[in-house]
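J.: Here's the letter readout for the chains.
There are 2 protein chains.
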Amino acid sequence: MQKHDPQPEFALITPDAPVKTPTHGWRAKCLQRLVRLDMPVPQTVALPAATVRAIAQGHRIDAHAILAHFGDAPLISVRPSPENPDFGGPATVLNIGMNPARHAALVTRHGAAAADALWLRFIQSYAIHVARLDPDMFHQTTPGETAIREALRAYATEMEQDFPEDPATQLAEVLRSMARAWEGTSARLLRQAKGAAPTAGLGLIVQAMAQGIGQGISGSGVIQFVDPVTGAPQITGRYLGQSQGRDALSRTEALYLTQDPRGPSLQDIAPDVFAALVDHGRRCRAKLREEMQIEFTVEDSQLAVLDAVKVQRSSRAALHIAVALADDGIITQPEAILRVEPRALSELLHMQVDPRGPRDVFAKGIAASPGAATGRIVFSSSAAQASAARGEACILVRRETAPEDIRGMHSAAGVLTERGGITSHAAVIARGLGLPCVVGASTLRLDIKERRLAIGDRVFAEGDIITLDGTKGEALVGAVDMLPPALDDTFRKLLSWADAVRDIGIRANADTPADATTARAFLAEGIGLCRTEHMFFDEDRLVAMREMIFADTPADRAAALARLLPMQRADFIELFEIMHGLPVCIRLFDPPLHEFLPHTREGLRDLAEALDRPLSEVTRRAEALAEFNPMLGMRGVRLGVVLPEIYDMQAQAIFEATVEVNRRGEAVVPEVMIPLVSARREVELVKTRIDAVAAAVRTKTGHDFAFKLGVMVETPRAALRAGEIAQHAAFLSFGTNDLTQMTYGLSRDDAGRFMNTYVQQGVFPEDPFHILDVDGVGELLHIGAERGRRTRGDLTLSICGEHGGNPESIDFCRRAGFDYVSCSPYRVPMARLAAAHLALNDQRNG
Amino acid sequence: MQKHDPQPEFALITPDAPVKTPTHGWRAKCLQRLVRLDMPVPQTVALPAATVRAIAQGHRIDAHAILAHFGDAPLISVRPSPENPDFGGPATVLNIGMNPARHAALVTRHGAAAADALWLRFIQSYAIHVARLDPDMFHQTTPGETAIREALRAYATEMEQDFPEDPATQLAEVLRSMARAWEGTSARLLRQAKGAAPTAGLGLIVQAMAQGIGQGISGSGVIQFVDPVTGAPQITGRYLGQSQGRDALSRTEALYLTQDPRGPSLQDIAPDVFAALVDHGRRCRAKLREEMQIEFTVEDSQLAVLDAVKVQRSSRAALHIAVALADDGIITQPEAILRVEPRALSELLHMQVDPRGPRDVFAKGIAASPGAATGRIVFSSSAAQASAARGEACILVRRETAPEDIRGMHSAAGVLTERGGITSHAAVIARGLGLPCVVGASTLRLDIKERRLAIGDRVFAEGDIITLDGTKGEALVGAVDMLPPALDDTFRKLLSWADAVRDIGIRANADTPADATTARAFLAEGIGLCRTEHMFFDEDRLVAMREMIFADTPADRAAALARLLPMQRADFIELFEIMHGLPVCIRLFDPPLHEFLPHTREGLRDLAEALDRPLSEVTRRAEALAEFNPMLGMRGVRLGVVLPEIYDMQAQAIFEATVEVNRRGEAVVPEVMIPLVSARREVELVKTRIDAVAAAVRTKTGHDFAFKLGVMVETPRAALRAGEIAQHAAFLSFGTNDLTQMTYGLSRDDAGRFMNTYVQQGVFPEDPFHILDVDGVGELLHIGAERGRRTRGDLTLSICGEHGGNPESIDFCRRAGFDYVSCSPYRVPMARLAAAHLALNDQRNG
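Those protein sequences? They're chains A and B, same order as listed. Going by the working numbering, the residue at position 427 of the first sequence is 427; the numbering climbs one at a time, nothing skipped. In short: position in the second sequence from 1, add 1000, done, that's the working numbering.
Just so you know, not all the hints are guaranteed correct.
Unchecked claim - If you anchor each label on the Cβ, the simulated ranges turn out as follows:
{"id": "1", "chain 1": "B", "residue 1": "T1619", "chain 2": "A", "residue 2": "A624", "range": "56 to 66 Å"}
{"id": "2", "chain 1": "A", "residue 1": "E602", "chain 2": "B", "residue 2": "K1708", "range": "48 to 58 Å"}
{"id": "3", "chain 1": "A", "residue 1": "R621", "chain 2": "B", "residue 2": "S1250", "range": "48 to 58 Å"}
{"id": "4", "chain 1": "B", "residue 1": "T1600", "chain 2": "A", "residue 2": "D794", "range": "40 to 50 Å"}
{"id": "5", "chain 1": "B", "residue 1": "T1600", "chain 2": "A", "residue 2": "S382", "range": "21 to 31 Å"}
Hint data in this document are derived by calculation from the structure and do not stem from the laboratory. Quick reminder that beta carbons are idealized off the backbone N, C-alpha and C, glycines included.
Kindly generate the complete structure, drawing on both the sequences and the hints.
T.: Following this line, the structure appears as structure tokens:
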């Protein structure tokens, strides 16, 4: 089939040739840039994607016409040049043009050994990559006449024809083979997973070989000018004499580039070549506006630059490279912002397992909270606290965690659970605390009584040392090499640039003074969700809580609550002071009361003793509080309506704290949020009482203050009825965790059991507790936002919950006109950067 | 204030007077009808509501002008005449016009005793109802001169003026007092609760007194022509000589009307009067088109008809009266349909506590399933089964019920639980079985171990006899009088009339052959929801279920399921045969697997033995299956996707049963329904496998058959995504129970704890599990229906679940264009009637 294309079928790369990334690929474009920088790039021809596609479909290209650019008896290479380097592509083929005649000439010029090696290598690579013969037949690696003969015979036997000697035939076959490989199913799926369009094409590069073999200084190597892990300026690379391609990287006898105590270096043996390389690198960085790795060849002391690719880099290196480029005026600050992937930031906030070290993984689970920690295994919160008291780092291993494990989690360096998903209790709390956490490691077999942990035939006892990699979701045997966090000036500088362009607010979810301090350190613009229930788990408060729960009359209940009041007030005073006048949104008491009762017989007996009531009564009442579906039970505003004394006490504590902190000089306007609302009247009832409490506090203290009352939208009904709910609410904050649970009818605590299957089978494109479900939950957010704003134009809208910090959620919220998102303190930096990306991309696209 | 009204201020009631119900009230209109029928109605004047309102606002009516209609020295009465008799109104005042002169005249004519009684009675009633003096001051009931003097003195002392003697003054004051009473807050709230508009006015009736006192046969009484409990034709009433008003009804010395062995009757002493009354009654029924109770007076053998009101009636009487009127050609069949309240029908399907008997209520709860039953208390399912085996009726009393109690419930005559709401397990199952059931009787204190039940200081032991009134939600001590069900020809006749006008389908939820038989008996048009999980609780099936649950490989799972296959197939064959070709919609397996495991240590030990596995492993795996929120867990289609062998087996059983029954000559097109869907892909995955099973069964049997695959919409997300889900579904059936749970974030099993408070405080206007929440859940139904139909115009839409039978839900579904509703078999009659009402009302209004 003959294709008629208005474009030329190929182009010699010159400074002025019409080479473009979309048509010829990134490598072709990059090589043209190197040519324009006057670098010693060997003669290169680029085939655009249209030509390559035609070849794949049967078009026979005129290989002689291409070869005409490379002189008599050329040796050439062919490399892939897709639009984006991440899209992959077929393997490079070197030394096309080798045949008996060329071999004879090379024997004469470089000796038999070098010539035999090149000839054998070409036969092997052609047989395997072009003729697709079984690699096992061509495994002979010791070059020589026998090996070459055998390889040629094997080829002829399998193919029923002799090995092609005509360079044009060789080139045409290589091009055809690479073109067709690009169209293969697995290649297509792989590149589409990296974001390639279904129509993405492949360019190809035909380049004269620079041999790296010669009498004088000859060889090949790669060089780059930054450390790939830290991003610090540092020349790294390898050079190997008498070699081709990227061999230097894999061979121990390769030389270092700079002077090195371990042995001779390129700088020692060829200072001029080295100086030229450094100069090329400097110009590359300045003109290509990127840190590049350069592939080079030296032939008889003549330097050739074959290729340049973006330096592979860790997240921290990416950050440092981008900021350094901007600081040097090579790229703009917005460009630097866009060059750092927001999700990558979270790695920088925590210790990380050094990717260069060995890993002995004994269990895999869900990567629930990033970072890494090494410590001794403990199986209970009390053991964790004891370990912390001894100053020993520990990893808390539980079937799952419950609110009573909070103190243990505070004491642990990391948390590993057998059950649970990305928004299970353990995961949420660990992210809040910035602790590495792996959940749902379902192959674990915990024997809590025997204090043993088994996986297959491996057994760990309490006290054994393990390392948790919360970034990867893996548990490793023993201690491993770590990288420290990278919260340095560079990090802060990039985020300050991001804040300058961002157009949506970022707050943090913070329950404790420690959380609030972290939130401030990460420059959160306030607290978007302060969950007050965690405040009641301290030993002394728990007693009063339980008395409140077992109170027989409203008066008894109020008396127990009165004991909690000063503690709550102190909590809020501390939070307000840490936040220095930034907004603090306090969610009123939410969880079901049975969470505050002991779950064991022993605990119930202690409680009966403490309350001086018969065990039978305590047991009966505890049982009566148990619920079939606690998530859908007597919690949130339902408690506020049925036992209004709890919210009364909390409101009083908030308002008295406000007065106290206002008197100390901070202007605090607390935001009070009602959880789990499903009907307007719930809001009315609570609002009436809270207004009354505010009036009483104003009268008692003689001090006026302002506050805002709002609603947490967590039920589908609250979203649907947002229009009438907004009549009584100054703000609506969407609790997307619970809203997702209810929209899907899916408990986050129970979903772990099948979520992997569901995501693997594509039932859900993503875990909806991890990535906001824009189609379902998102529609309810839109409905709620739109109806709420129709009632009240100045309604403040936000989301809190685990989705808050995700770039996808921030994108959604910006488009929906939300005022802010709120997320775990440790996700605030990512959220700030992601918001800046979105604003910049909008500016670019619109 | 003088009001100028175009209407006359009052009207003498004549056959042609412009008296209308909206202006003059129902009583005025009724009296005019009696006048038109030539009945001996005393002279009557009607005041329209506009006049009464003006009086209340201060207008002074010309009482002399009214009195002019009643001759010299009249005695008159004033009665209320609101638009609807249910709206209430102030008390009637008799004998206006009494004063010393009139008293003297009466003494002469009827003797001092009669005259004193009238005079004292008037003073008392004027003082209490008109002057609003303390009733205690006028309690003297023995008439006589002293009593009259004291009453007049007390009046003068309190009012600081003498008792008015001028009849015009008396009348004006009575009218003013009654007009103002109507405007009082509590009167307004009471009538608005009965459906009165805020503007509803009051008419008043001024009527000449017929004395009931005289030398000849004189007295008063009431008569009606049907039994108020059964509706059977039967003259009932009382007559009391020398009396006024409705005194006869409350005095033991009153006579019966018809000849009676217990003593003399009106028929004995005044056969002509009695014959005239019977004739009036006949004409009343024919012309007023209703069974009326007539209030009459006899004065010197002269009959006067004072008033006629609709006979008070039980539900069963209402049914019989309406059908009899239609059968007699007095009203049309549609009118008869509209005269029977759909909700009242459910009373007729069950035994009822006779309202005329004594009640000793020891506990109140939620009226979860109507009807009544007497039996001995049992505290366990096994005791219930033992009791049934002995042929003794029993009442199963539990904290709450679980699926393992089903067999016990089948054996019980009624169910009483401490916990749970209107859609708790106990309630749903009881309604399905037609068993009386009271749930959420939270004052009960059950001691299951001691087999005792305490309420306050009352204690009941196992074996004690109690009666459950599921219609009222009460538990009564001992056995009480009962009324039998009323499933007679009259009942069936009315429903056949209803079916002729109804325009929406009614199916039944039926899980068992017994349910299906009931559904057929009540003329359900098919099964709208057959829950298949109940089929697995029989002892022999449970073993296979548990083997399936503990299977280690898909092959083991399939082997256990293969043992269930023939049983499932037999289930469906039986259902299909009972339903004789009517559609049967089978919901695939839905509940979480842990429901099939034992919950006690002992049960687990038995299971370990049965499965020949270590107890530790069985316990561990049972624990691993436990869920935090089972409602939102691994159930429904999630099981279908993760363990597809279960649905494969069910589909095979359904299709093989279809083939078998088709071969026997019934044309069965089974409907297969996928539960708990939240994403389109779930439907795709299940559909692919079910289509494959269908193909396999077709091949294996050599028999072709059709089936429909549909989706149960129970999650908010499924409603929102109905557009894409309908691509793969022939029908959508909204499971409003679960949809309500998820829309509100409210577990029906846990809501009982606060639902009463919530409804009482008006947070929810109604329990949303009882009455469909049109605002929230209803919007999701609209969204789902609209989006589904947009994808597929012929999509069949329905609701199943507890709301299905409610008139409100049927109204909603008709307007939303649904094809049918499905409800418990025992609610099918109500649903058929309610649907007819809605269709008829639409015809009338449109």
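J.: Evaluate the given range 56 to 66 Å for the C-beta pair formed by T1619 of chain B and A624 of chain A.
T.: This hint is violated: roughly 26 Å between Cβ atoms.
J.: When you take the CB atoms of T1600 of chain B and S382 of chain A, is the distance between them in 21 to 31 Å?
T.: Check passed, 29 Å falls within 21 to 31 Å.
J.: Per the hint of 40 to 50 Å, is the separation of the Cβ atoms of T1600 of chain B and D794 of chain A within bounds?
T.: 58 Å Cβ-Cβ, so the 40 to 50 Å window is violated.
J.: Per the hint of 48 to 58 Å, is the separation of the Cβ atoms of E602 of chain A and K1708 of chain B within bounds?
T.: holds (56 Å)
J.: Okay, R621 of chain A versus S1250 of chain B on CB: inside 48 to 58 Å?
T.: holds (49 Å)
Taken one by one, the earlier hints fail for this structure at numbers 1 and 4, listed in ascending order.
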